[in-house]
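So you can see what is in the structure, the chains are spelled out below.
There are 2 protein chains.
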Amino acid sequence: MNWSFIFILMSAFTSIGQQSDEKVVLVIHGGAGTILKKNMSPEKEEAYRTKLEEALLAGFEKWKKGETSVEIVRASIHVMEDSPLFNAGRGAVYTNDETQEMDASIMRGSDKMAGAIAGVQTIKNPIDGAIAVMDKSEHVMLAGEGAEEFAVKNGVEIVDTSYFKSDVRLKQLQRVKEKEKAILDHDGDQGSVDSSEDEFNIDYIEDKKFGTVGAVALDQSGIISAGTSTGGMTNKRYNRIGDSPVIGAGTYADDLVGVSCTGHGEFFIRNVVAYDVSALMHYMQLSLNDATQEVIRKQTEIGGKGGLIALDKDGNVSLPFNTEGMYRAYITESGKIYIAIYGS
Amino acid sequence: MNWSFIFILMSAFTSIGQQSDEKVVLVIHGGAGTILKKNMSPEKEEAYRTKLEEALLAGFEKWKKGETSVEIVRASIHVMEDSPLFNAGRGAVYTNDETQEMDASIMRGSDKMAGAIAGVQTIKNPIDGAIAVMDKSEHVMLAGEGAEEFAVKNGVEIVDTSYFKSDVRLKQLQRVKEKEKAILDHDGDQGSVDSSEDEFNIDYIEDKKFGTVGAVALDQSGIISAGTSTGGMTNKRYNRIGDSPVIGAGTYADDLVGVSCTGHGEFFIRNVVAYDVSALMHYMQLSLNDATQEVIRKQTEIGGKGGLIALDKDGNVSLPFNTEGMYRAYITESGKIYIAIYGS
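Protein sequences appear in the order of chains A and B.
So that you can map any letter, position 225 of the first sequence is 225 in the working numbering, and since no number is skipped, the others follow by simple counting.
So that you can map any letter, position 182 of the second sequence is 182 in the working numbering, and since no number is skipped, the others follow by simple counting.
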């Protein structure tokens with residue numbers, strides 16, 4: 001890692017986006033939640049920072065070669081999906097049935113084409129499934145086995161479900177189940193949450209919903225694309241679908257702005273968060289930062305915890321959240337990198 | 001049927017909404033598409049008008065009793081779901097696998113709570129599944145077998161899949177398959193479409209996507225709710241999900257307006273149509289009619305055929321579409337009924 005390229009810009013307020021003097025070409029997130037420095041070892045923090053930087057650089061390589069924003073988003077999300085650190089792809093959390101059900105979506109701003117898959121169990125990189133739906137079908141959203149059948153037919157890499165298995169995530173599931181049973185048994189009394197044994201600092205009850213990765217890129221042609229990929233909610237039941245595969249809620253891009261969200265998905269669906277950033281900019285002429293601040297304010301108002309990343313056509317970036325932390329990073333056209341984890 | 005209550009207001013332009021002097025309390029649609037008078041027998045037209053009126057009156061009964069807008073929407077959609085005339089519930093079209101996969105959603109404007117189910121095969125009235133998700137889960141969207149398991153646990157009426165079987169719909173599927181094969185064999189040359197043998201006037205290729213029912217109600221407490229239910233697209237594959245169960249795209253409601261859409265779902269998802277009506281009203285201060293005209297204009301711009309119904313907090317109604325026709329109807333607080341099928 002070349003530290004000379006790393007600018008650590010601390011934000012004064014949790015929910016204020018960071019400004020860059022240079023045009024930002026790629027912004028990513030790795031989930032929001034109760035991410036506190038006191039629960040994080042230096043080694044663990046370093047692991048996250050290294051992986052976020054790797055994700056940025058993978059996308060930036062594509063940017064330098066003049067590739068499309070869809071390919072930049074894909075490259076960047078691949079790195080996070082392939083890492084067990086994030087709740088997406090390989091690191092996907094367990095459902096109540098001890099399976100992994102993953103969702104992903106992509107949207108390209110220039111023509112507003114979009115693709116999404118929900119509840120897939122065998123697609124190695126769910127973002128690839130979403131991109132295939134956008135590029136190779138007349139549809140926007142495919143689900144479950146049908147989505148997998150489509151992926152197979154279209155050459156998307158399939159893996160055995162054992163690829164997604166992890167002792168750490170299984171232990172998380174067991175602890176969430178115990179905790180939920182305890183809450184049920186004690187009529188809502190959560191008691192104290194001990195996350196010291198948890199490699200991923202999951203605050204079991206509150207944060208079981210918050211893992212997701214996403215990327216928004218602006219390519220050399222000026223086209224914005226946004227993508228999101230998630231393993232969903234630990235201990236989820238009933239084939240629940242969150243906001244990540246919902247265009248307008250978890251992901252949105254047009255000619256003005258691209259957005260990828262992370263957080264308690266149900267609230268992001270109800271407030272149509274990703275598209276709302278664009279609507280505020282288009283209809284109210286708000287700046288990117290004012291628009292994202294407003295949607296996070298509205299999320300806080302209805303109790304929806306999480307955050308988002310947004311990148312506009314001029315390379316302005318905003319990374320607001322109303323949780324304790326959000327794994328977030330961006331890279332500028334000259335290769336300057338910003339990485340942050342905690343809030344104020 | 002009491003014809004003295006029926007006001008037939010012909011619109012001058014296909015896509016202009018109808019105005020009422022009285023507050024409208026319930027507006028419904030039964031799908032948009034290539035619905036032409038020349039293809040419709042008087043008996044068939046009468047059957048549709050009678051069923052639309054029945055759906056309005058079922059909801060209006062609830063309205064008069066002071067029930068919630070969710071219950072008004074439910075009652076109204078039940079009538080259409082229980083009829084083989086519409087592509088929802090009992091009349092759901094066949095997938096490529098000769099199954100029925102139904103989607104539905106509901107949103108209540110006062111608290112923006114929402115529920116949706118996608119790809120269910122055994123829920124008699126899919127709108128009931130969506131309402132159960134809203135009322136009895138912490139989730140917004142459940143899919144497939146998980147959604148059905150949830151429905152069973154929560155007392156939603158389940159039927160054998162044979163309930164949804166119909167020779168007419170099966171014949172439609174076979175004709176769509178033949179037509180698509182013919183198109184494939186002839187490299188895009190569709191030739192002429194003969195819909196004279198089709199009881200539901202399906203223009204096989206173009207209109208296979210357009211059946212859906214929906215309702216938006218304004219109850220005596222001033223709360224707006226919107227709901228949508230569909231059997232999806234004839235010959236659909238890969239567990240495709242359209243806009244109907246996507247909050248923001250096919251269904252949306254807040255304290256200002258409620259919207260339910262019908263049409264080529266993929267385009268409605270990409271333009272976040274239902275929420276966009278609200279955004280234009282909130283952010284641009286557009287009137288209901290100007291807002292719905294603008295979203296239909298944007299749909300036409302990207303090639304998205306279909307229509308929507310919208311009802312605002314003052315009881316104004318708008319029913320625009322860019323197809324040849326849309327089954328549509330509303331009822332005012334004094335019980336006056338408007339029913340229309342064709343465009344100009």
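The hints are simulated quantities; they were obtained by calculation from the structure and are not laboratory data.
Fair warning: there could be bad hints in the mix.
Copies of the same chain look alike in the list, so a pair counts if it works inside one copy or between any two.
[Claimed, not checked] Calculated pairs, DSS-like style, for lysine-lysine (alpha carbon to alpha carbon, straight line, at most 30 Å): (1) K65 x K336; (2) K313 x K37; (3) K136 x K171; (4) K165 x K51; (5) K153 x K181; (6) K179 x K153.
How the hints compare with the structure:
1. K65 x K336: The answer is within: 17 Å in one copy meets 30 Å, while 64 Å across copies does not.
2. K313 x K37: So K313 and K37 fail the 30 Å test inside a copy (34 Å) and across (47 Å) alike.
3. K136 x K171: between (38 Å within a copy, 28 Å between copies)
4. K165 x K51: Answer is within; shortest intra-copy Cα gap is 20 Å, inter-copy 52 Å.
5. K153 x K181: Close across copies (19 Å), not inside one copy (42 Å); limit 30 Å.
6. K179 x K153: Between copies only: 23 Å across, 41 Å inside.
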